[in-house]
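Asker: Chains A and B, in that order, are what the protein sequence lines are. Each residue of the first sequence is one higher than the one before, starting from 1 at the first, in the UniProt record's numbering. Each residue of the second sequence is one higher than the one before, starting from 1 at the first, in the UniProt record's numbering.
It is possible that some hints are incorrect.
The list treats identical chains as interchangeable, and a pair is accepted whether it falls inside one copy or across any two copies.
Stated by the list, open to error - Subject to a maximum C-alpha distance of 16 Å in a straight line, what follows is the list of computed EDC-like cross-link-like pairs (lysine to aspartate or glutamate):
(1) 191 x 18
(2) 265 x 16
(3) 209 x 147
(4) 24 x 148
(5) 265 x 18
(6) 138 x 203
(7) 265 x 9
(8) 191 x 16
(9) 396 x 57
(10) 138 x 98
(11) 184 x 170
None of these hints come from the bench; they were simulated from the model.
There are 2 protein chains.
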Amino acid sequence: MQGFPPPAEKLIMQPESDFFSFPKMRWTVCHIRELMPTKQVSRGIGAPVPLASAPDEGIDAVRFLPLGSDTAMTWRESLFANYTDGLLVLHEGRVVYEHYSGCLSEAGKHAAMSMTKSLTGLLAEILVVEGRLDEGAKVGSIIPELEDSAFGSATVRQVMDMTTGLQYSENYADPNADIWVYSKAASPLPKPEGYVGPNGYFEYLQTVKQDGTHGEAFGYRTINSDALGWIISRVIGKDVAHLLSERIWSRMGAEQDGYMTVDAKGTPFAGGGLSAGLRDLGRVGQLMLSDGVINGEALFPRKVVDNIRAGGDREAFAKAGYSTLAGGSYRSMWWLFHNDHGAFAARGVHGQTIYVDPTADMVIVRFASFPTAANSRIDPTSLPAYQALAEYLMAK
Amino acid sequence: MQGFPPPAEKLIMQPESDFFSFPKMRWTVCHIRELMPTKQVSRGIGAPVPLASAPDEGIDAVRFLPLGSDTAMTWRESLFANYTDGLLVLHEGRVVYEHYSGCLSEAGKHAAMSMTKSLTGLLAEILVVEGRLDEGAKVGSIIPELEDSAFGSATVRQVMDMTTGLQYSENYADPNADIWVYSKAASPLPKPEGYVGPNGYFEYLQTVKQDGTHGEAFGYRTINSDALGWIISRVIGKDVAHLLSERIWSRMGAEQDGYMTVDAKGTPFAGGGLSAGLRDLGRVGQLMLSDGVINGEALFPRKVVDNIRAGGDREAFAKAGYSTLAGGSYRSMWWLFHNDHGAFAARGVHGQTIYVDPTADMVIVRFASFPTAANSRIDPTSLPAYQALAEYLMAK
Chain A
1 MQGFPPPAEK
11 LIMQPESDFF
21 SFPKMRWTVC
31 HIRELMPTKQ
41 VSRGIGAPVP
51 LASAPDEGID
61 AVRFLPLGSD
71 TAMTWRESLF
81 ANYTDGLLVL
91 HEGRVVYEHY
101 SGCLSEAGKH
111 AAMSMTKSLT
121 GLLAEILVVE
131 GRLDEGAKVG
141 SIIPELEDSA
151 FGSATVRQVM
161 DMTTGLQYSE
171 NYADPNADIW
181 VYSKAASPLP
191 KPEGYVGPNG
201 YFEYLQTVKQ
211 DGTHGEAFGY
221 RTINSDALGW
231 IISRVIGKDV
241 AHLLSERIWS
251 RMGAEQDGYM
261 TVDAKGTPFA
271 GGGLSAGLRD
281 LGRVGQLMLS
291 DGVINGEALF
301 PRKVVDNIRA
311 GGDREAFAKA
321 GYSTLAGGSY
331 RSMWWLFHND
341 HGAFAARGVH
351 GQTIYVDPTA
361 DMVIVRFASF
371 PTAANSRIDP
381 TSLPAYQALA
391 EYLMAK
Chain B
1 MQGFPPPAEK
11 LIMQPESDFF
21 SFPKMRWTVC
31 HIRELMPTKQ
41 VSRGIGAPVP
51 LASAPDEGID
61 AVRFLPLGSD
71 TAMTWRESLF
81 ANYTDGLLVL
91 HEGRVVYEHY
101 SGCLSEAGKH
111 AAMSMTKSLT
121 GLLAEILVVE
131 GRLDEGAKVG
141 SIIPELEDSA
151 FGSATVRQVM
161 DMTTGLQYSE
171 NYADPNADIW
181 VYSKAASPLP
191 KPEGYVGPNG
201 YFEYLQTVKQ
211 DGTHGEAFGY
221 RTINSDALGW
231 IISRVIGKDV
241 AHLLSERIWS
251 RMGAEQDGYM
261 TVDAKGTPFA
271 GGGLSAGLRD
281 LGRVGQLMLS
291 DGVINGEALF
301 PRKVVDNIRA
311 GGDREAFAKA
321 GYSTLAGGSY
331 RSMWWLFHND
341 HGAFAARGVH
351 GQTIYVDPTA
361 DMVIVRFASF
371 PTAANSRIDP
381 TSLPAYQALA
391 EYLMAK
């Protein structure tokens with residue numbers, strides 16, 4: 001997208017199948033708002049609180065063994081292997097490493113993708129701890145419009161932990177798969193003439209049918225996050241973007257506004273719509289590491305992070321068979337590794353992560369535009385790198 | 001747009017004919033980005049520079065005689081008569097009056113509409129004074145793609161002052177009027193199947209035919225601003241949103257990012273796409289009042305404002321017959337009143353203005369959502385109010 005105009009073969013435009021294809025995606029991830037409507041996640045209008053800085057030039061040379069490999073790789077090499085756009089490491093609350101590449105700069109924003117879910121989940125967990133949202137309540141009792149859908153008989157907690165039993169096919173090869181119906185409903189573009197399907201997240205959620213028993217197995221489905229977004233909006237009377245600003249963004253010393261994509265009716269995409277600056281997601285990670293405290297202020301009770309770190313149903317999680325996350329769990333839309341360091345993470349396709357290691361007092365944020373979506377392709381050169389970095393920092 | 005979801009009859013969505021209708025427009029003007037793609041005008045990531053404050057509680061009672069009326073009105077009454085969403089007055093560099101209503105709050109943003117043109121014009125004037133843009137050059141020599149259009153034989157200065165002779169009908173009743181072709185080209189939405197017209201501002205501009213002689217008459221046509229946006233982008237290699245951030249927004253102590261709407265190819269709408277916070281447009285006004293200096297720093301040479309204040313061709317302007325602006329002129333996309341105070345302004349439909357009165361050392365910014373577009377309906381209760389306020393402040 002350089003030149004006025006850019007050459008025709010370099011133009012990046014709607015539709016999504018084009019702008020999210022690789023390599024165009026490498027530009028798109030920093031420019032989502034230029035392609036579709038979005039809602040601001042306001043930082044407010046005061047001065048940002050700068051992050052302390054203590055660069056460690058030894059980090060690039062940290063070595064680790066990628067999963068399933070017997071050839072060591074350096075930290076620096078892993079950045080390129082993973083199509084990294086931005087990488088921030090906080091240790092003991094200070095920035096020890098910061099790297100920008102691809103489309104990202106320090107004043108830029110990048111798509112957080114499914115890390116958005118973890119912020120939606122965090123908001124819900126805050127409301128649960130504050131007693132404003134009953135995690136045991138049936139969703140149908142909070143949102144009567146969902147009573148006849150699969151969500152109606154699920155509890156709020158089952159939605160938060162994605163142990164709902166939902167009929168939802170993500171078979172991309174099937175043109176009638178639910179994912180396509182969902183995509184059409186979610187698109188902010190005006191519906192084509194003759195379109196009779198649901199319009200927007202809320203209408204789509206009402207059509208979801210049950211499949212299986214709620215509470216038995218973990219099933220990673222974005223529509224749970226959309227349902228949770230609706231639940232907290234209905235309970236609090238504010239949408240997710242508004243609440244995220246009010247509870248987190250405007251109070252953590254953020255240096256940039258964030259933003260969220262919206263459907264055609266203005267509903268923020270609670271399951272994947274956030275874009276934000278690298279250091280601001282570092283502040284989010286620090287907030288989680290510090291049990292809700294940042295810049296000397298508690299934004300929410302310590303119990304919120306305690307609840308998340310306690311983890312979800314590991315047996316239910318195991319049924320999903322994630323090879324790189326064996327022994328883990330999912331709680332309030334955060335991923336728990338249940339490793340020796342008690343690490344947990346927000347994760348999004350194409351390599352996005354906020355990785356929190358409480359034992360090493362370390363937060364890593366990575367933005368990336370890896371060609372394939374599944375993190376199982378990126379974890380082998382990421383998770384062991386994070387562990388090696390934690391050990392390096394602890395040994396200092 | 002309240003509730004999750006809002007009731008069907010209260011929903012505000014695409015298409016533009018719906019979201020820009022009154023009264024829906026009263027919400028839309030603060031939420032443009034939620035309806036279409038936009039590009040950030042970054043303030044950077046540093047601390048804003050707060051505006052000094054010295055509230056004057058006498059302003060509400062200032063009285064004036066509306067044009068063509070023999071019944072006095074108070075300043076306060078004029079706010080409501082004009083569907084004011086935000087009103088800021090700076091006197092001697094300090095905020096003496098600040099008012100929010102309708103959809104606007106101090107951390108919100110509002111559509112600047114055609115005030116955008118004045119920022120595009122300011123950027124061009126800066127480049128002219130810096131010797132990077134030749135105001136006497138033919139547009140075709142800068143943008144060969146425009147050689148065969150009406151713009152090809154016009155000078156940069158004629159485009160800046162809108163004295164080009166263009167064939168461009170804004171007869172809304174004629175479905176084949178140029179304004180509709182332009183609107184379809186400019187829409188960021190994917191073009192309907194079978195659409196064969198121009199896509200985007202740049203393609204549209206190439207189709208504009210000449211009508212009349214360049215330089216003879218002022219003709220207020222937004223496409224001049226789009227052409228100027230293209231000219232400065234081609235000359236500098238950055239689009240208008242980028243350049244506006246680099247030269248103005250990131251250097252004036254802004255407290256919020258601004259943003260601009262874009263066409264389907266990502267080109268910012270240089271003729272009307274800006275949305276911004278009230279106080280940030282106050283900073284722009286102060287910058288003009290102070291000949292380019294703000295917070296002790298000169299952002300551009302004094303000659304830039306001198307050139308604008310010298311005004312355009314008053315004879316050419318008179319031919320356009322603006323009843324409320326008799327004796328005025330238009331220069332570098334700013335409106336000059338040529339009154340005793342040397343006042344000049346950025347103006348946009350539905351009541352937007354940055355009004356700069358150098359004699360009274362006063363800047364007024366007004367955001368509004370007046371039901372009808374033409375400022376000739378709003379000027380009668382605005383321009384005399386501004387003059388009365390100037391006299392009140394000078395007499396203090």
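Asker: Please go over all the hints and tell whether each is borne out by the structure.
Answerer: Hints and how they fare:
{"no.": "1", "hint": "191 x 18", "in the structure": "between (18 Å within a copy, 15 Å between copies)"}
{"no.": "2", "hint": "265 x 16", "in the structure": "between (18 Å within a copy, 14 Å between copies)"}
{"no.": "3", "hint": "209 x 147", "in the structure": "within (11 Å within a copy, 60 Å between copies)"}
{"no.": "4", "hint": "24 x 148", "in the structure": "neither (41 Å within a copy, 33 Å between copies)"}
{"no.": "5", "hint": "265 x 18", "in the structure": "between (23 Å within a copy, 13 Å between copies)"}
{"no.": "6", "hint": "138 x 203", "in the structure": "neither (19 Å within a copy, 55 Å between copies)"}
{"no.": "7", "hint": "265 x 9", "in the structure": "between (32 Å within a copy, 12 Å between copies)"}
{"no.": "8", "hint": "191 x 16", "in the structure": "both (15 Å within a copy, 14 Å between copies)"}
{"no.": "9", "hint": "396 x 57", "in the structure": "within (12 Å within a copy, 61 Å between copies)"}
{"no.": "10", "hint": "138 x 98", "in the structure": "neither (44 Å within a copy, 47 Å between copies)"}
{"no.": "11", "hint": "184 x 170", "in the structure": "within (14 Å within a copy, 35 Å between copies)"}
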